[in-house]
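Since the structure of chain Y is already known, use the hints to place chains Z and F on it.
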Amino acid sequence: MTATEMRPGAAPEPELAPPRRALDQNWRRLARMGAVAAFVEVFIALSGMPVRLDERPVIVSILSLGYVFIGAIPIVVGNRIGRQVRREGVPVHKAGGYELLAGTLAGAVAAAGLSVLVALLTHFDIREPLVNWSPQLLDLLSFNRGPVFGVLIWLGIGAVGGFIGGGLRLLPARWRRTLVTMAATVVLISILEQLVADLVSGVRLEPVADWFYGRRGGLTHSGAGVTAAIAGVAAFFGRGRLKAARAHVQSLEGPARTRATSLMILLTAAILIVVPLLVGSLTNELLANVGLFVLLALGLNIVVGLAGILDLGYVAFFAVGSYTAAVLTAATSPRINPEFPWFVALIFVVVVTGLVGLFIGAPVIRMRGDYLAIVTLGFGEIIRLLFLSDWLSGWFGGAQGITAIGGVEIFGLTTVDGTNPRGVFYLVLVFCAIAIYVSWRLERSRLGRAWMAVREDETVAEAMGINTVNVKLLAFVVGAVLGSFSGAIFANKVGSVFPSSFLILVSMVILVVVIFGGMGSIVGVIAGAALLIGVLGGPKQPGLLAEFSEFKLLIYGALLVWMMLARPEGLIPSARRTRELHQEEFLQDAWLRGEVDTDDGNGDAQGTEGRS
Amino acid sequence: MNGSSVPLLEIRDLSIEFGGLKAVNGLNMEVNDGEIVSVIGPNGAGKTTLFNAISAMVPITSGDILFESSSLLGLDANQVTARGIARTFQNVRLFTNMTILENVMVAQHCRTRQGAFGALLYTRAFRREEDEIRARGEEALSFFGSRLVGFRLNQPASVLSYANRRRLEIARAMATQPKLLLLDEPVAGMNPVESAELTRLIGRLRDEWGFAIIFIEHDMSVVREVSDRVIVLNHGELLTEGLYADVSVDPRVVEAYLGQETIVEDAIKS
Amino acid sequence: MIGKWAPRTGAPRTGVDKFLTLLRVLAVGLVLVGFAAFIAQEINTDNAFAQWANPDATGLSGAGFRGLVIAGISQGAMYGLIALGYSMVYGVLGFINFAHGEVFMMGAMTGWVTSTKLAEAGLWESNFIGSFVIVLFGSILVSTFLAVVMERVAYRPLRGAPRLIPLITSIGVSFFIQNMSIVLFGPATKSYPARPDWVKNKHTALQIEGDKIMVIAAAATSMILLWYLVERTKVGKAMRAVAEDAEIAALMGINVNRTIVTVFAVGGAFAGIAGIMWGIDFGSVIGHTGFLPGIKAFSSAVVGGIGHLGGAMVGGLFIGIAEAVGPLLILEPLGVSGVSQLRDAVAFAMLIGVLLLRPSGIFGERLRAEDRA
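Protein chains in written order, with the working numbering: chain Y, 3 to 614; chain Z, 651 to 920; chain F, 5 to 377.
Each statement offered as a hint is correct.
If you want the footprint, here are the derived chain Y segments under chain F, 3+ residues with CB under 8 Å: (1) 126 to 138; (2) 509 to 521; (3) 551 to 562.
Per label pair, the in silico range of CB-to-CB distance: (4) Y:A37 - Z:F668: 48 to 54 Å; (5) Z:L803 - Y:A175: 36 to 42 Å; (6) F:T25 - Z:F668: 24 to 30 Å; (7) F:L296 - Y:L357: 23 to 29 Å; (8) Y:A121 - F:K204: 39 to 45 Å; (9) Y:A37 - F:A198: 36 to 42 Å; (10) Z:F668 - Y:D392: 50 to 56 Å; (11) Y:A37 - F:L145: 19 to 25 Å.
Source of the hints: derived by calculation from the structure; they are not laboratory data.
By construction, the Cβ of each residue, glycine as well, lies at the ideal position given by its N, Cα and C atoms.
Here chain Y stands alone, though its shape is the one from the complex (with noise of 0.2 Å):
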């Protein structure tokens, strides 16, 4: 709620002189508001994205989630209308008649946009350049029950929604975060339904998951009301005791600090290792994706997070690991006939991607940051043509790429190709595991310490004996071995390659997830990839809502530019890269802790102001 108001440079938000009643309204504010939203309910309705989604329901017969979209707004814009003044500095919820008002007033006037929306779709038909203006849309929105209805009932869900939302602030903080956990959870049940159920499937128990979800999906009544009801009960008495517990690990120290952390991970490790063993086929497939690009996402985090290198072409190096092990393991491979194992391929595939990287990093490491970016973007797109042309495709395939890759050999014991997705995640787990051994001792490393300092002041790093070319050739490099290691586990997964598999898309979805979860951050990267990959999908592997597939990207999109507009450090920030995006925060807070030094003991009256 609060972080938009402190994204870094941003104009201060208008400070409100609180009107006395609630017909003494911003009148202004709200039109704009309402308006935007309204502007939005329409996009979103003509993107197609309800009628897509209605096909997925939310709770048996009673909600779709097509309509958990259009009617969410109404409530957000509810809320966010409210009131709001500052008080030294912080942000602070007023609640009274006014917000009742003003939230059913802007709820009403989102929601008209889709009433406008219903009146135009029952008269004009400009379905030519328009491809969502169907009459689906229209019987969606008017709940098949004709114009008039649709019209009347969206102004109605509308101001209700408002309402709802200007309420929600009168409520009390916890019972506000209760409702607002109750809602989001049955939620996020419905969107993770494969899971769940294949999970209760897994340890025998099916016909809970036939109870708790409808037969073509979404929850039953019984199965939303539970949900709701044990995720409000936690949220209600549950939140305080979360955050007492985390503060107490981290006020842990020294060895009590290093128990509590490695319980964690072998908790995790356990989880991990345990999980796959009781979901089916689909999901391991789904959980091989998301550890895939975890994989990426961690190898970009290196390159992006630690060293502040903006690679756009990463995907380049997925590209060149994954045609590396392709040509030395596939029978099929022309040119170039070896078939080695697929381990002792690894070992070529570290070396090439080693060189790729320094070919392409040694001539961008010196350009301005944004320059690189394009450069490496333009990079990793010639790495996809010389794979596409027929020039190469002598050794490449071309447009015809490489099939039939066998599956990895794992010491004679078991082969694991993508007929075992089980068997593909565990592999890449261990790769993970490697990627964040890595990325953790790195970052806490001679090297860790220089990427820090380059990536706050390059020109000082380099006066202070930092080789700062080396040092950022170094973490390309770095980040490049870590994408070849998802890109060699991709081919003999996929047991094909072809160059459309390596479009520049995959460089974008791949930086989301790390914008996305926290730049810099590892705990964020794994978060960001488990939510994005698994829930939307990846660039071309479907996640949790398949339904959601033609609109993913779009998703990401607006996602990345929200994410630098309200939360720059990403979802699980690293402390260090909030500190950078926030320091004006930061350095009130450590003041209010008394932690800013003022020029000590020596009869220094001066206060910090002024000087620097």
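Just chains Z and F, lined up with the frame of chain Y:
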């Protein structure tokens, strides 16, 4: 000072131009081992440009800079630092989001060897080196008393006060284990008490740590206090050099300061 | 993020430097050998050198070569028009507006919508010039609006943020607009209605197609208008002042926000023109249309010297001609097969080559004081 006939730093006919503007013009100067030299001159005299040239941060137009008898020309800034020249900046430039300890640890980059593999394998050599870096960093920090050590070590540099930032910057330069320290207006913005203390510390830097020091300073009391020799620049050229007592009464210096002459006179009187 | 930018004087020392020198030599060498082989093959495909370079070489006919150059020029003029937007925004705000290519794409998209509607009404055939003007204005309007909204929503809140933040944001914006056009208009290729014959026929002694003439004429007119705007009007003066130093400009009473909006609007308008030119020239547009031309247009801006408006156009022509002619002139003579697939690769290689050899571009950069490193 210790009798070697070859100067530590020797600048020969140094000229630096920025698009026709001569920032430094035909400058000759020397600095010996263990010497404290101050560079003074009115604003725009080319003092900071001189520092930037020595630390390879601006390209030089002609001339030569010799450090321990070998040329610094064509070296990168990091290579100059590795040779043993460290500097501070006029407008303090710390790594503000890194902790105070990290600031001095990262400065030892060019004195340490452990690379990625040592860190990944967590070798004994790596751990020993990390401990050494840490110890040396703390040593440099404790030169300034208790201000920068203790609970401060793991705080970001951004919480430091202005004076402590200046001190940390000097500590960071010390941590690169230089032979020659370039301090760009070390006491600028400090109050008289702080500046007197830092002035004493500059002397101790030479005596205890064995650095030769060149510093740019406008505060004449500091210049008088610690410098063995004063170099006066004006319009990028060497105006005069010598002992403070001689230089400060040189009419050309007074002339160069034009209107600022009172400062010089005040400094002499006080 | 101040990078070490200018190629350093003095002897190469580090491994990276040596490698870069090697790359530079190789790049220049490749171009020279390729060109020499081309000339040899033009003279006689049977001479020893031509045979050594590419035994299958057939040489290139004069008409074919002229066709390539003309196609390159018209393509380059489009790049130049788009590049103006990149260059202006970079000059004023110091960041790459990655989404500018999508503004161009939306211009072409709008052109498709209006032209098909006009074709349905029968106006496209009966009064091509009139409908063309309507289509053009429609595209300019939409592109300008899009660019201005983009600035307001995504970039204005980020003024003064670390340099890479607005760049990343613009990547997100680009992603969003690209996919927005796909979900709104569908993923299929959009074909412009058939053009009248005189647009397709070849004219003048040089045998230039009508659409190419239109493109080149439009680019030339736009350049003149832009030159007038920037150099001769008060708005242009404000733009130049803000580009030099926004803070000082604000102190001098210039409305910086409004000036920046103007910059985006003008850039958007030119991208809209380029979009229509693309539609007329190639006859179709899809959601991904903006991506590659966008990147190449940025490359053009860099090649010409970013911040330099004439440079952007020259850079555009340079890249356009190079990618049209380069594969056949340099690569084909060296025995690379299927060279037309490598067009885009050649364009990117040009960017990399220019940044290696002369990073400030042909005419030198014109940047904000704080961006000069």
